[in-house]
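Given the coordinates of chain A, work out where chains B and C should sit on it, guided by the hints.
So the sequence lines, in the order shown, correspond to chains A, B and C. With the first letter of the first sequence counted as 1, position 80 gets the number 80 in this note's numbering; the numbers rise by one all the way through. With the first letter of the second sequence counted as 1, position 2 gets the number 2 in this note's numbering; the numbers rise by one all the way through. With the first letter of the third sequence counted as 1, position 411 gets the number 411 in this note's numbering; the numbers rise by one all the way through.
There's no promise every hint is true.
Stated by the list, open to error - Below, in silico cross-link-like pairs of lysine to any residue (SDA-like), each with a Cα-Cα straight-line distance of 25 Å or less:
1) C:Lys-404 / A:Gly-345
2) C:Lys-426 / B:Asn-37
3) C:Lys-404 / A:Arg-325
4) C:Lys-72 / A:Asp-298
5) A:Lys-308 / C:Ala-409
6) C:Lys-404 / C:Gly-385
7) C:Lys-404 / A:Asp-303
8) A:Lys-308 / C:Pro-411
9) C:Lys-72 / B:Asn-37
10) C:Lys-426 / A:Thr-48
11) A:Lys-308 / C:Ala-425
12) A:Lys-308 / A:Pro-66
13) A:Lys-308 / C:Ala-410
14) C:Lys-404 / B:Met-1
15) A:Lys-308 / C:Asp-424
16) A:Lys-28 / C:Lys-404
17) A:Lys-308 / C:Arg-403
18) A:Lys-181 / A:Asp-268
19) C:Lys-11 / B:Gln-62
20) C:Lys-426 / C:Val-445
21) C:Lys-404 / A:Arg-65
22) C:Lys-426 / A:Arg-325
23) C:Lys-72 / B:Arg-9
24) C:Lys-11 / C:Val-286
25) C:Lys-404 / A:Lys-181
26) A:Lys-308 / C:Pro-413
27) A:Lys-28 / A:Pro-291
28) C:Lys-218 / C:Phe-432
29) C:Lys-426 / A:Lys-181
Worth flagging that the hints you see were computed from the coordinates, not collected in a lab.
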Amino acid sequence: MSETSTLHRILDYSARADPYPLYAELRKTPVALQEDGSYVISTYREITDILHNPHLSSDVRNLSRPTPAAERRDTPSFINIDPPEHDRLRRLAMRHFGPPCTPGLVTGMQPQLTEIVSSLIDDFANTQLVDIVDDFAYPFPVTVICHLLGVPRDDEPRFHQWVNAIIDSLDYDPKTDPPEKLNLGAQATDDLHQYLGGLLEPRHDRPGDDLLSRLANDDGPDGRMTDEEIISTANLLLIAGHETTVNLITNGMLTLLRHPHVLQRLRDEPDLIVRLVEELLRYEPPVHIVPWRAAYSDITIADTVIPKGSQIMLMLASGSRDPDRFDDPDRFDPDRQDNQHLGFGSGIHLCFGGPLARLETQIALSELVRRLDRPRLVTDPPPYRPSPVLRGPIHLHIEQS
Amino acid sequence: MRVVVDLSRCQGYAQCAFLAPEVFRMHGEEALMYHPNPDDSQREQMERAAAACPLQAILVDQLNERDAPAEASPS
Amino acid sequence: MSSAHTLQGFKRDGRIAIVGASLAGLRAAEALRGEGFTGSLTMIGDELGEPYDRPPLSKQVLTGWVPTDGTKLPRRRDIDAQWLLGVPASGLDLATNHVHLADGNEVAFDRVLISTGVRARPWPVEAEASLDGVFVVRTRGDADGLQQALAAGPSRVLIIGAGFTGSEIASICRERDISVTVAELGPAPLVGALGAMIGDVAADMQRAHGVDLRCGVKVTQLEGDAQGRLCRAHFSDGSTVDADVAVVALGGIRNTDWLQDSGLAVGVWGIACDSGCRAFDLNGLVTDDVFVAGDVARCPHPVYEYRFISLEHWANAVEQADIAAHNMVNAQADRWPHLAIPAFWSIQFGVNIKSVGVPTFADEVVVTQGSVPDHRFVAAYGYQGRVTAAVSFNNAKWLDHYRKLIETAAPFPPPCPTPDQPVDAKPVPVDFPGPVLLSQGATVVVTGHDPSERHVTAVRTHR
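One chain only, chain A, in its complex shape (with noise of 0.2 Å):
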């Protein structure tokens, strides 16, 4: 089957520049049977049909054949379970972050993000060979997702390797990948668990304002989180909350170098930037598949039939390029209208730290095009990370005067 093959030549490597090709191939047919059994949904109305159908389940027991990197995960975090669980921890855990509780918490860490772009830039204003990645995308988004949690800044080194091998894992291939990998992520799930644990354990009965603290002392009118509840969630928001960021920005200056007109624009019209990060969230978007997805009765989208049990992939990042929605798809157009894109999600899993990632990338971005002096590409395109799922290159070299 040529969908098939077109899926994994999307996933090989060797696609990770330039994936956009290939999902213009997939969305010729918008939902693909896979060999395996399994289903890729790649048009943008088919995925936000499926990510508001109620039969679509995030839970792995409602998969026929769980995924093997989806299968041993003790307690899920809201973003693997269905409503009404989702929903209670989901907004358990919203009421430390945001609206209806904490409605001006991101509005208000927007001096300290500020402070830390320009501290991070500040470093490296006067160097010539800049790594967007390593001094700044990654760092900055790391050091904010911290200080949320409540996470020490300085444990970065040793939560960063099992990141990195939780990422690697998510999308492990029984046919074609050692089963290291899996192993590895495995472990270092464990591993991140308990550290997490263990930074919990202190926090019962001392409130402070970080977020590990205030679910460890919650008493709204959902109860109380359970300890592995909590540490599940802190889990998912640690990861969360800097690789995809980190993704983001690094996109985002990526892009606007290959657009100078747009950089230069941004330049001369600052208030440009929050079109600009709604347009790169549609073009280049730091998560461009949803991996799986379980299919909790028959399913039937664009006159196919998916079976309950079945696994189901979504491809975010071709949606948002569908020219059945948007036009000219492949034109970067700060200017668009109606840029209802994917970049989030849709749905109730529409991405948790949107608010956050969305004034982090707007800050980052406007504060890199302001201060950088001429900045040029090393090489294009950069060398990739590994991950088709979470996509987003792992160094971005640039030059200045």
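Chains B and C only, in chain A's frame:
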């Protein structure tokens, strides 16, 4: 500044209430209450909120004051 | 406009009058300019001031957060119109294509859009309606008066009618910590629009928030004191309640009176039009130059057996305005039908209530997702085995799915389970209190025998 939200499209994602909390408030978990005529000092936050709406349901006035003559005076 | 040539001329320098300068009228005007209409545009409205949004009047304005004049509608573009405001239209002459205004002026047009909307149904006893402290809520002026009365700290507010507006105002009163009694003739709040099952949930919500809810009673008298101020209300069960503010929330009256002699198909149910928003004349023949949009329109919906439906929904006004505007400046072959599935929302007691479809067009209802006791759920409505509507309480993210079920005539009850479907979910009768389509009395009689002479005459006795 004039604002209207198409609440029949709104699904309660609260992105606006994150980004412009003075203008958009959640009433309970999902219901949005907003100020249809916020102060001009809110413009930057408003633009952020409108751009971030997953349903693109927030309409901010497209006319500048000077371009909107007193059309509505009685004749 | 029989030829493309004439249509081009009309788009270039034709004359369009829009009667009714609120949401539907404004959006239609913007859409006309967006469609490339460069001729003259006249906006006629009975209220002074620029078009404003009404939903905040029963919510944000009454909490005191938003000033009454703070709901002016944002503009999508300059409409370059002549505005005739503060004077209602008094007649429509289709022989000469003129709108007559109450002040004696007239406006000539080539095509006209009628978007005169509805007005609040007043308390039927005039002397009681004029007591200090008795309000309706429809206009900015109404909301201004009620907001001031609430801010003055009344001892108790009586709300007459527990439809959406009445329930929303009751919610605001509780938010402001004002004692409130709600009197509803039906068996529960919202029951007329959403049926008995949801009505029970709405009643629970009101009582849980401290509303003194009295169902199955009629307010028989509003009593004033010597100064002409409301002081007490009497109910049909013999009881009374002391209150210094009363809100009459008994729905609306469609503003069609001015069209009595127009020869159009008008009645208390609105102005009948086709799905392209073209008005029908008395005989049920479609007209060419008269269009209708918004609360006052009554048009057939193919999904609902082509039954004529009037909707007082914000989204309906917006969608119909776009359809009407498009069809006013396009040839027959390029016209659009208004096929949007109706959508509605209400915010009360901290809950986001949304609906898609037409819940009154149903015989059964079933909870498909979530928990009714937690006030987080979706209920699907079915008519003869297909899904025709859905209502969500704090579960709006799923409603798009139900809209598609309605559009595709999906089977009811939905056969496949969802992860959070209640275990005991079984369809129950939808149980509306009255007939599905309330009879309002005859509006026309048919005369003549020969097909060439048969026609319809308006009956002038209805309200």
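**Lys-426 (chain C) paired with Thr-48 (chain A) [C-alpha distance capped at 25 Å]** = Violated: Lys-426 (chain C) and Thr-48 (chain A) sit about 29 Å apart, past 25 Å.
**Asked** Does the structure keep Lys-426 (chain C) and Arg-325 (chain A) at a Cα separation of 25 Å or less?
**Response** With a Cα-Cα distance of about 38 Å, the restraint between Lys-426 (chain C) and Arg-325 (chain A) is violated, given a limit of 25 Å.
**Prompt:** Between Lys-72 (chain C) and Asp-298 (chain A), is the straight-line Cα distance small enough, at 25 Å or below?
**Reply:** violated, 47 Å
**Request:** For the pair supplied as a hint, Lys-308 (chain A) and Pro-413 (chain C), confirm whether the alpha-carbon distance does not exceed 25 Å.
**Result:** Holds - the C-alpha atoms of Pro-413 (chain C) and Lys-308 (chain A) are around 19 Å apart, at most 25 Å.
**Message:** Would the hint linking Lys-308 (chain A) and Pro-411 (chain C) be met if the CA-CA limit is 25 Å?
**Reply:** holds, 18 Å
**Message:** Tell me if the straight-line CA distance from Lys-181 (chain A) to Asp-268 (chain A) falls inside 25 Å.
**Reply:** violated, 47 Å
**Asked** When you check the alpha-carbon spacing of Lys-404 (chain C) and Gly-385 (chain C), does it fall within 25 Å?
**Response** holds, 16 Å
**Asked** Are the Cα positions of Lys-308 (chain A) and Asp-424 (chain C) separated by 25 Å at most?
**Response** Within the cut-off at roughly 22 Å; holds.
**Asked** Does the structure keep Lys-404 (chain C) and Arg-65 (chain A) at a Cα separation of 25 Å or less?
**Response** violated, 29 Å
**Message:** Tell me if the straight-line CA distance from Lys-72 (chain C) to Arg-9 (chain B) falls inside 25 Å.
**Reply:** With Cα atoms ~20 Å apart, Lys-72 (chain C) and Arg-9 (chain B) stay inside 25 Å; holds.
**Message:** Given the hinted pair Lys-308 (chain A) and Ala-410 (chain C), is their Cα-Cα distance within 25 Å?
**Reply:** holds, 18 Å
**Asked** CA of Lys-426 (chain C) to CA of Val-445 (chain C), is that 25 Å or under?
**Response** Violated, because 45 Å separates the two Cα atoms, which is more than 25 Å.
Checked against the numbered hints above, the structure breaks hints 2, 4, 10, 14, 18, 20, 21, 22, 25 and 29 and satisfies the rest.
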